[in-house]
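Enquirer: If you read the protein sequences in the order shown, they are chains V and S.
Counting from 29, one number per residue, gives the positions in the first sequence under my numbering.
Counting from 4, one number per residue, gives the positions in the second sequence under my numbering.
Simulated from the structure, these hints should not be mistaken for lab results.
The structure presented is a predicted model; accordingly, all values stated were derived computationally and were not measured.
For every residue, glycine included, the Cβ atom is placed at its ideal position computed from N, Cα and C.
Among the hints, a few may not be true.
Interface residues of chain V toward chain S, partial, derived using beta-carbon atoms under 7 Å [unchecked claim]: (1) Leu69; (2) Met180; (3) Ser186; (4) Leu194; (5) Ala200; (6) Pro201; (7) Val231; (8) Val233.
Partial pick of chain V residues on the chain S-facing surface, computed with a CB cut under 8 Å [what the hints assert, rightly or not]: (9) Leu94; (10) Leu190; (11) Leu204; (12) Ala205; (13) Arg208; (14) Thr216; (15) Ala218; (16) Ala226; (17) Leu227; (18) Val238.
Each chain, written out:
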Amino acid sequence: MWREIWLICRKDLIIERRARVTLIQIVPTVLLVLVVFAFALDANPSLLGAGAGGLFWVAVLFGAVLGAKRSFDIEAEGGNLDALRLAGLVPAAILWGKAAALALQLVLVGVFAAAGLLVLYSVTVHDWLLIVVAGLCGMAAFAICGTLYGAMTVGLRSADTLLPLLLIPVAAPVLLAGTRAFDVALGTSADQGWSWTALLAVVLVTYIAVGWAAAGPLLEDA
Amino acid sequence: MIETPEPDLRQQAQRAGSLSMTGSVATRVLGVVAIAAVGVMALLALWISPPDAVQGDSVRLMYVHVPSIWVAYGGFVLTAFASARVLWRTRSGVGGTYGVIADRQARRWDRVAGAAAELGVLFTALTLVTGSLWGKVTWGTYWQWDARLTTTVLLFVTYLGYLALRRLPAESRARARRSAVMALIAVVNLPIVHYSVDWWRTLHQEASLNLEPGGDRNITGEMYWTLLYSWATFTVVALWIGIHRYRVLRLEELAEEASLEELLAQRRDEQAAGR
């Protein structure tokens with residue numbers, strides 16, 4: 029099982045290395061979102077600084093939607109999912125392999141977005157450990173959610189428009205908890221940053237459990 | 004491969020006389036009861052029930068607002084239960100693997116899930132509209148980032164997505180199972196959404212605003228009985244609409260699965276009978 033997960037993850041990362049969609053398209057889009065937020069908030073440094081945590085997570089959520097769509101686009105053509113199942117891979121391994129690859133790509137997106145915050149919004153990080161732990165939990169949760177809903181909409185004609193509608197409401201707890209944790213780490217809130225990170229971990233564990241249960245029904249019919 | 008529609012459904016549709024009819028004697032009686040109950044409810048809520056000492060006449064919105072969300076929650080719980088049944092009845096190795104759902108029970112539960120979710124969305128929308136109107140009168144604004152409001156709007160959007168997913172063309176088995184998974188994810192996610200939003204607003208809520216509708220006051224007397232009666236009325240109305248929606252979904256399936264020749268033959272029979 030672990031070997032199968034690794035194979036799928038490696039396959040997706042190799043495709044990404046060759047196509048560079050995350051690096052060339054998703055990362056610039058996320059950075060563009062950060063720039064556009066500055067337009068919306070009239071480039072007010074105090075407003076941007078106060079909302080930096082939330083703007084980071086909103087931008088990354090957009091990136092996750094794009095990444096999830098891309099993750100299953102590469103399987104929709106030519107019936108690749110059927111081919112993977114014919115090769116003897118179990119649905120759960122396919123789902124977790126793709127989720128792991130998406131999580132790694134989202135970490136890359138997150139690193140660039142965090143750099144964007146530091147440069148564009150002039151924020152100062154007070155707690156790097158909180159940023160890293162909350163960031164990793166949030167990216168993993170986005171990746172699992174994105175993979176689940178990507179599998180749900182793979183091959184559907186309206187997947188492009190449907191995926192954000194399905195994914196964003198479900199990802200709301202991650203957005204909330206991630207934002208609060210980052211606000212604390214960036215010194216814009218005196219909230220309980222680690223409590224919010226614990227909530228992120230609970231969300232992550234729940235999504236993992238849901239993913240295990242849903243992998244079979246989703247990928248059997250994909 | 005397209006399977007022949009279930010014979011009992013076909014017979015029921017033929018008995019109904021047309022693919023456009025969803026009524027029966029029982030549902031017509033239920034409909035009359037529902038409409039009469041709504042009339043009595045309007046009388047109780049608008050005239051007999053007294054205005055609230057603090058909220059005045061705006062409290063009358065409660066007789067629509069509270070039963071609406073109660074019916075909506077009932078609809079979503081039923082959707083989750085029916086979805087679990089669909090997944091169970093179509094699990095690997097049961098009732099075929101691809102194409103249409105061969106299992107009759109699974110098809111019925113799938114329709115129940117669809118009809119119940121539609122009801123849930125409809126009554127959640129009603130809850131949001133009445134809540135906003137109440138907020139405008141009481142708080143002076145249509146919207147506050149209160150935990151309950153935020154959770155409700157996320158719930159509404161989640162199930163709109165569920166209905167959108169159901170409407171996408173796909174083989175019936177795949178569509179039913181995919182929708183069932185989404186319904187179960189939505190239910191599992193709901194407490195997380197609720198508690199995270201609640202925590203968010205508890206920690207950051209402005210102290211000057213009391214966002215709890217009605218505060219900690221107990222409802223008594225005519226207001227209490229009117230509210231209970233409204234719950235019962237909304238339940239009957241929801242049941243009535245739900246049964247019709249179930250039948251519409253069934254007839255849509257029949258229409259999808261009936262061959263063109265059968266439909267043409269049916270049309271010719273209708274024309275002959277008309278002459």
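Enquirer: Each hint needs a verdict: does it hold in this structure or not?
Expert: Outcome of the hint check:
Because the smallest distance between the Cβ of leucine 69 of chain V and any Cβ of chain S comes to about 18 Å, over 7 Å, the interface hint for this residue is violated. Interface hint status for methionine 180 of chain V: upheld, as the beta-carbon distance to the closest one in chain S is roughly 5 Å, under 7 Å. Here the hint on serine 186 of chain V is kept, as its CB sits about 6 Å from the closest CB of chain S, short of 7 Å. Hint status for leucine 194 of chain V relative to chain S: holds, with the closest Cβ pair at about 4 Å, below 7 Å.
A least Cβ separation of about 5 Å between alanine 200 of chain V and chain S falls short of the 7 Å threshold, and the interface hint therefore holds. Hint status for proline 201 of chain V relative to chain S: holds, with the closest Cβ pair at about 4 Å, below 7 Å. The closest approach between the C-beta of valine 231 of chain V and any C-beta of chain S is roughly 6 Å, which is under the 7 Å cut-off, so the hint is satisfied. Because the beta carbon of valine 233 of chain V sits about 11 Å from the nearest beta carbon in chain S, more than 7 Å, this interface hint is broken.
A least Cβ separation of about 18 Å between leucine 94 of chain V and chain S goes past the 8 Å threshold, and the interface hint is therefore violated. For the restraint placing leucine 190 of chain V at the interface with chain S, the shortest Cβ-Cβ distance is roughly 6 Å, inside the 8 Å limit, so the hint holds. Annotation: interface hint on leucine 204 of chain V holds; nearest CB of chain S at approximately 5 Å, less than 8 Å. A least Cβ separation of about 6 Å between alanine 205 of chain V and chain S falls short of the 8 Å threshold, and the interface hint therefore holds.
Using the Cβ-Cβ criterion of 8 Å, the hint placing arginine 208 of chain V at the interface with chain S is satisfied: the shortest such distance is roughly 7 Å. Because the closest C-beta pair between threonine 216 of chain V and chain S is about 12 Å apart, greater than 8 Å, the hint is violated. The criterion of a C-beta within 8 Å of any C-beta in chain S is not met by alanine 218 of chain V, whose closest approach is roughly 10 Å, and the hint is violated. About 11 Å separates the beta-carbon of alanine 226 of chain V from the nearest beta-carbon of chain S, more than 8 Å, and the hint is not met.
Interface restraint check for leucine 227 of chain V: the shortest CB-CB distance to chain S comes to about 6 Å, inside 8 Å, so the restraint holds. The interface hint given for valine 238 of chain V holds, since its Cβ lies 6 Å from the closest Cβ of chain S, which is under the 8 Å cut-off.
When the structure is compared with the earlier hints, violations turn up for hints 1, 8, 9, 14, 15 and 16 and for no others.
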